[in-house]
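Produce the complete structure using the sequences and hints provided.
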Amino acid sequence: MTKTATLRRKGSATLLIVVLIFLSCGGLVSLKTAVDRIPRKKIPGASIIYIPSGKYLKYATFGYSSLVADLIYLWAIQYYTTYTIVDRFQNLEHIFSIIAELDPRYTDPYEIGALIAVNEARDLGLALKILDMGLAKNPDQWIFPFEAGHHAQRAGDYETARKYYEKTMRIPGAPDIAKRLYAAAGFRTMDLEESWKIWLEVYNTAQDERTKKIASKHLYQVKSTSDMNLLKGAVQQFRDRFQRLPSGLEDLVRVGILASLPRDLDGKDYVYNPKTGETKAPSVWWKR
Amino acid sequence: MKIRAIALNTFKETIRDRILYLLFFFAAIALGISRLLAVLTVGDRVKIIKDVGLASISIFGVLMAILIGTGLVYKEIDKKTINTLLAKPIQRWQFLLGKFFGLVLTLFIMTLAMGLIFLVIVLLHTGKLDSRMLLAILFIFLELVLITAVAILFSCFSTPILSSIFTLSFYLIGHLSWGLETLIQKTRPGTGRMALRGLSAILPDLENFNFKTEIVQGLAIDPRFYLFSALYGLVYTLFILALAVLIFKKRDFI
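Line order of the protein sequences matches chains A and B.
To convert, count from 1 in the first sequence and add 10; that's my numbering.
To convert, count from 1 in the second sequence and add 25; that's my numbering.
Hint data in this document are derived by calculation from the structure and do not stem from the laboratory.
Zero decoy hints are in this set.
Simulated pairs of lysine to aspartate or glutamate, EDC-like, Cα-Cα distance not exceeding 20 Å: (1) A:Lys222 with A:Asp186; (2) A:Lys297 with A:Glu219; (3) B:Lys237 with B:Asp155; (4) B:Lys275 with B:Glu101; (5) B:Lys211 with A:Asp46; (6) B:Lys237 with A:Asp46; (7) B:Lys211 with A:Asp80; (8) A:Lys147 with A:Glu121; (9) A:Lys223 with A:Asp186.
Sample of chain A residues at the chain B side, in silico, Cβ under 7 Å: (10) Leu30; (11) Ser34; (12) Gly37; (13) Ile48.
The C-beta atom is built at its ideal place from N, Cα and C for all residues, glycine as well.
In structure tokens form, the structure reads like this:
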């Protein structure tokens with residue numbers, strides 16, 4: 011009888027504990043929900059200043075440096091897409107240089123870091139710095155100077171773009187388009203001689219008709235621009251000498267300013283407007 | 026009464042533990058270093074002192090709770106002293122709660138001592154004391170109470186090494202579980218999101234006891250947050266202790 015009572019008491023004690031477990035579990039879930047509902051002022055990323063440089067952090071990763079690089083990269087993506095942090099770009103270089111030190115061959119962070127810098131922070135210089143870092147650590151990766159050239163070109167800095175496309179061309183495995191972009195950027199910076207040289211090389215080495223056609227169009231553009239510059243200068247000389255515009259381009263040869271009149275790549279004469287003194291190519295280069 | 030007697034005995038036992046003093050020694054050094062680190066910084070030195078100081082109290086407190094707590098019950102079972110104890114008119118839950126309160130008392134004294142050193146350093150540096158720093162220390166202590174309960178829970182059925190790993194994992198999960206919220210926001214509504222919500226509700230959120238950043242930066246905190254966080258800590262501790270009691274009740278010592 012006493013044994014049965016003891017067993018019953020033990021059984022009810024267990025039941026009581028189980029009930030307590032369920033009740034407290036329910037309680038903690040509701041309290042967690044209540045706590046989560048209360049807005050909490052935070053300073054996201056306030057701890058960034060405590061992250062040491064990657065060089066030193068590497069020692070603290072105990073051989074898991076690429077894992078830590080992954081984690082910092084994942085965190086960085088979340089952090090830099092939190093638009094409420096106004097000054098989030100302040101440590102952009104610091105964060106991406108940490109990732110670069112921890113895992114130098116991890117190419118995505120350089121590209122994404124540069125994208126964030128150029129599109130979000132509107133800082134082309136910073137984007138180029140991050141991509142330069144990528145190239146310094148991965149000299150065999152053409153993607154870094156290529157991306158840098160692309161960002162510079164989009165920003166209208168053709169001189170910088172040209173410099174990066176030239177670097178891209180030199181790296182084995184770089185796509186053919188790098189050479190064409192280099193030539194196009196050269197044209198934009200008015201280095202017509204170099205641009206002609208490269209476009210001609212593209213034309214002569216093109217493996218397909220499409221590339222050949224593109225090169226041919228650009229060659230036309232470079233030549234016509236160069237010729238029109240020559241004609242513009244000659245017209246100006248004529249005007250200085252005779253205080254009037256020439257009535258035709260032939261006048262420039264007749265008075266000895268030019269030895270002969272240049273013709274476009276198709277052998278056609280340039281179109282001259284005697285009223286304005288302007289010259290025009292007979293064809294639109296990209297429509298040829 | 027029985028719980029009190031066991032708690033006092035546990036307290037006496039734990040304050041004799043050399044590891045406690047070793048950790049306290051390192052905590053004191055870390056607190057002192059916060060002053061040194063402040064010299065190296067450019068800008069707000071007080072922020073560095075407060076950040077490093079509060080972090081030291083928290084980290085060394087957790088180490089004390091884990092390293093002592095995980096061995097408390099296991100030692101009794103391993104040395105068979107539990108048989109002598111339970112032969113007396115003591116219930117198993119009383120024994121467990123006694124152990125828990127004994128360690129909590131030790132941790133309270135240690136937190137108090139570390140807190141005092143920290144406050145003296147801040148006072149010497151700034152000439153004034155922010156009462157909210159006491160709140161930060163109080164919530165660190167609440168976190169330690171929960172960690173102690175977890176350490177005792179694992180100590181009921183596992184070896185000290187495994188228990189330490191489990192408790193440390195609990196601590197790390199507790200401080201990283203807030204990241205689940207980001208994952209929830211980026212997951213499409215459906216079963217996956219519901220499962221993540223469920224996981225987020227049940228996993229410990231130790232960030233609820235972390236007011237270090239707000240207090241150091243002087244940010245306002247909703248008083249309800251303190252209240253609900255404290256209640257959350259106490260209920261979570263109760264939940265863990267109930268689990269520990271249930272496991273310990275079913276445990277066979279022979």
